[in-house]
Every structure is written in structure tokens, then in C-alpha cells.
Amino acid sequence: FSSFLKDKMGPEKYDKLRRLVLYQPDSYTDFEQMSRPANKLGISDKDPNLTHQFRQPSPGSQPPVSMSVEDESFGNAGDDPYDVTYYKRDAGRR
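The numbering of the sequence shown is our numbering, which starts it at 1 and goes up by one.
Just to be clear, a hint being listed does not mean it is correct.
Stated by the list, open to error - In the DSS-like style, the derived pairs of lysine-lysine whose C-alpha atoms are separated by at most 30 Å in a straight line are:
{"hint": "1", "residue 1": "K16", "residue 2": "K6"}
{"hint": "2", "residue 1": "K16", "residue 2": "K40"}
{"hint": "3", "residue 1": "K13", "residue 2": "K40"}
{"hint": "4", "residue 1": "K46", "residue 2": "K6"}
The set of hints was computed from the structure by calculation and includes no laboratory data.
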């Protein structure tokens, strides 16, 4: 419908009507919850070439995460780092 109006009214009148009717017609997200992958957003006022793109670099192109088997900074060296039980650490209530 918008292309039909633009053809019939001309680009100047169509743009004026569009700015009158729509709420923030030049929004960079186009009111989508998740931006499209091709959208590039400028992130710097000083450098116009500095942009950010959705999921760029992609998570699949990143090197794999290295997880250590033991973490010496977490209690004793054989403790499970994912054990978050409170009663084992609460020395004040014993």
C-alpha cells in the first residue's frame, strides 16, 4: 500500500504524510523486537564507518571455551565448582 501511495502522491508529499501519520518513522529498528541480520547500526558519532551488525561475529565462528577441570580458587581442589549448597559453606551457624 505504501508503494502505491508513493507512486500516486510523489515522494515529497508521501514523505510528509508518512512523518505526520507514523510514530517515529525513521526508527532504526522499524519497531521489530529482534533486528534483521542485514541491519547495520552506527555506533560512533565520530566514525561513520564503525558499525555493529546483529550477531556479528557469529557465535559459531568463535573459538571453543576452555573450562578447567578444577578451580583452585574455589575451596578445596576436588570440590565441585557447581555445588552451590548453602549449608556446606555456612560456618557461622554450626
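Right, here's what the structure says about each hint:
Restraint check for K16 and K6: the C-alpha separation of about 11 Å stays at or below 30 Å, so the hint holds. Distance check on the hinted pair: K16 and K40 sit about 26 Å apart at the alpha-carbon level, within 30 Å; holds. A threshold of 30 Å between alpha carbons decides the hint, and for K13 with K40 the separation of about 28 Å falls inside it, so the pair holds. Among the hinted pairs, K46 with K6 is inconsistent with the structure: their alpha-carbon atoms are about 34 Å apart, more than 30 Å.
Of the hints listed earlier, the one the structure fails to meet is number 4.
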